[in-house]
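What follows is the residue order along each chain.
Protein chains: 2
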Amino acid sequence: MSDDAAAGIMEATYRALCEHGYADLTMQRIADESDCSKAALHYHYDTKEALLRSFLDFLLERFETEIAGADAVDPRERLDAFLDVIFESEESEGTAFATALLEIKAQAPYDEAYRDRLLEWDRAMRGVVAEAVRDGVERGAFREVDPESVARFVATTINGAHVREVALNEDMAATRDLLEAYLDRTLAPGDPDSPGESPV
Amino acid sequence: MSDDAAAGIMEATYRALCEHGYADLTMQRIADESDCSKAALHYHYDTKEALLRSFLDFLLERFETEIAGADAVDPRERLDAFLDVIFESEESEGTAFATALLEIKAQAPYDEAYRDRLLEWDRAMRGVVAEAVRDGVERGAFREVDPESVARFVATTINGAHVREVALNEDMAATRDLLEAYLDRTLAPGDPDSPGESPV
Numbered sequence: 001m002s003d004d005a006a007a008g009i010m011e012a013t014y015r016a017l018c019e020h021g022y023a024d025l026t027m028q029r030i031a032d033e034s035d036c037s038k039a040a041l042h043y044h045y046d047t048k049e050a051l052l053r054s055f056l057d058f059l060l061e062r063f064e065t066e067i068a069g070a071d072a073v074d075p076r077e078r079l080d081a082f083l084d085v086i087f088e089s090e091e092s093e094g095t096a097f098a099t100a101l102l103e104i105k106a107q108a109p110y111d112e113a114y115r116d117r118l119l120e121w122d123r124a125m126r127g128v129v130a131e132a133v134r135d136g137v138e139r140g141a142f143r144e145v146d147p148e149s150v151a152r153f154v155a156t157t158i159n160g161a162h163v164r165e166v167a168l169n170e171d172m173a174a175t176r177d178l179l180e181a182y183l184d185r186t187l188a189p190g191d192p193d194s195p196g197e198s199p200v
Numbered sequence: 001m002s003d004d005a006a007a008g009i010m011e012a013t014y015r016a017l018c019e020h021g022y023a024d025l026t027m028q029r030i031a032d033e034s035d036c037s038k039a040a041l042h043y044h045y046d047t048k049e050a051l052l053r054s055f056l057d058f059l060l061e062r063f064e065t066e067i068a069g070a071d072a073v074d075p076r077e078r079l080d081a082f083l084d085v086i087f088e089s090e091e092s093e094g095t096a097f098a099t100a101l102l103e104i105k106a107q108a109p110y111d112e113a114y115r116d117r118l119l120e121w122d123r124a125m126r127g128v129v130a131e132a133v134r135d136g137v138e139r140g141a142f143r144e145v146d147p148e149s150v151a152r153f154v155a156t157t158i159n160g161a162h163v164r165e166v167a168l169n170e171d172m173a174a175t176r177d178l179l180e181a182y183l184d185r186t187l188a189p190g191d192p193d194s195p196g197e198s199p200v
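Listed in order, the protein sequences are those of chains A and B. Quick note, in this note's numbering, the first sequence goes up one by one and the last residue is 200. Quick note, in this note's numbering, the second sequence goes up one by one and the last residue is 200.
Just so you know, the hints here were simulated from the structure itself, not pulled from any lab data. All of these numbers come straight from a predicted model, not from anything done at the bench. Hints may contain errors.
Unchecked claim - Straight-line Cα separation of at most 20 angstroms, SDA-like style, residue types lysine to any residue; simulated pairs: (1) B:K38 - B:E49; (2) A:K48 - A:D135; (3) B:K48 - B:F97; (4) B:K48 - A:A23; (5) A:K48 - B:K38; (6) A:K38 - A:A50; (7) B:K48 - A:D24; (8) A:K48 - B:A23; (9) B:K48 - B:A23.
What the hints assert, rightly or not - Computed, partial: chain B to chain A, Cβ under 10 angstroms: (10) A113; (11) D135; (12) R139; (13) L168.
For each residue, glycine too, the CB sits at the ideal point set by N, CA and C.
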């Protein structure tokens with residue numbers, strides 16, 4: 001399959017997920033959104049689940065490309081660029097896609113291959129945050145925090161914002177503001193009341 | 001219907017959700033877990049969705065009862081008791097129930113009545129946290145934070161821990177530790193570098 005054809009199927013999967021959600025997604029509905037016949041889709045992907053595994057790989061690659069494009073030197077700017085990628089893509093994709101993605105997350109206990117990809121995505125997110133924090137600590141721009149703990153906390157908050165958008169129809173921008181304030185306080189150097197502490 | 005019968009149906013719904021998940025839940029499967037026939041269930045609840053709305057009410061009431069039982073006077077102890085209720089019930093219920101609950105959250109965009117109950121539950125959670133924080137600020141035990149912002153951040157983190165348990169098979173205790181450290185830092189009084197600030 002050419003790269004263009006593969007990308008076309010991924011875009012079609014995205015549209016079909018937004019239109020029908022995960023539970024009502026079928027190969028026919030993905031084919032309907034693409035230039036492929038259902039038979040051609042089945043030639044490349046045995047099942048809907050196999051196609052969705054590739055789709056999760058595609059999302060992870062896209063995230064990594066977007067992050068790589070945001071190559072600020074300053075650690076705090078890198079964190080802001082990371083939050084831009086996360087929150088702006090969520091915003092442009094809208095609630096329909098966020099809902100489909102939450103349905104897929106709820107399938108992870110039944111599908112090891114979904115879980116592996118979600119774990120990889122989470123590691124990538126946490127990796128970006130931890131690296132920027134570590135760099136900031138080393139340069140003395142941030143206080144002596146544990147980069148892995150901060151990264152895990154940030155990832156958990158982003159996961160929470162996602163579920164709140166879907167379940168409660170809450171604007172993710174509300175969480176972004178709270179998260180920025182948390183980072184400002186947590187990373188601010190030279191807090192005299194916490195020498196040598198490893199806060200999160 | 002007697003209170004006992006209603007409670008029996010709620011317990012049966014809980015077991016059926018753990019056993020089959022949300023998508024494969026049927027009135028027959030709930031009846032199989034209870035002392036009722038499927039016909040008797042249908043007499044009280046028109047549809048599976050109607051029964052699940054009552055089930056969400058039941059969970060909310062149970063949460064409110066558990067919280068009311070934890071009536072510590074000290075604001076920090078009240079926050080710890082709240083975290084006990086949240087994290088210990090999640091732990092005792094296990095991943096099967098957490099998964100079913102996440103599936104229900106992913107249904108909220110399609111079911112206004114689910115969403116209303118999830119919003120009510122969220123308001124109850126945030127209310128407990130905000131009240132304890134407000135009380136602590138008034139007594140001078142906590143610094144001058146915005147209680148609503150802290151409560152929203154705590155709720156978001158708990159939502160994130162829930163999705164991580166399901167999607168990533170992550171132990172919720174990891175999030176609890178991070179959340180306690182966050183509260184310790186955020187609420188600690190007398191930080192000289194932030195007079196009059198409203199951190200979250």
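So, going through the hints one by one against the coordinates:
no.	hint	verdict
1	B:K38 - B:E49	15 angstroms, holds
2	A:K48 - A:D135	41 angstroms, violated
3	B:K48 - B:F97	17 angstroms, holds
4	B:K48 - A:A23	17 angstroms, holds
5	A:K48 - B:K38	33 angstroms, violated
6	A:K38 - A:A50	14 angstroms, holds
7	B:K48 - A:D24	18 angstroms, holds
8	A:K48 - B:A23	17 angstroms, holds
9	B:K48 - B:A23	11 angstroms, holds
10	A113	13 angstroms, violated
11	D135	21 angstroms, violated
12	R139	20 angstroms, violated
13	L168	6 angstroms, holds
This entry does not satisfy hints 2, 5, 10, 11, 12, going by the numbered hints stated previously.
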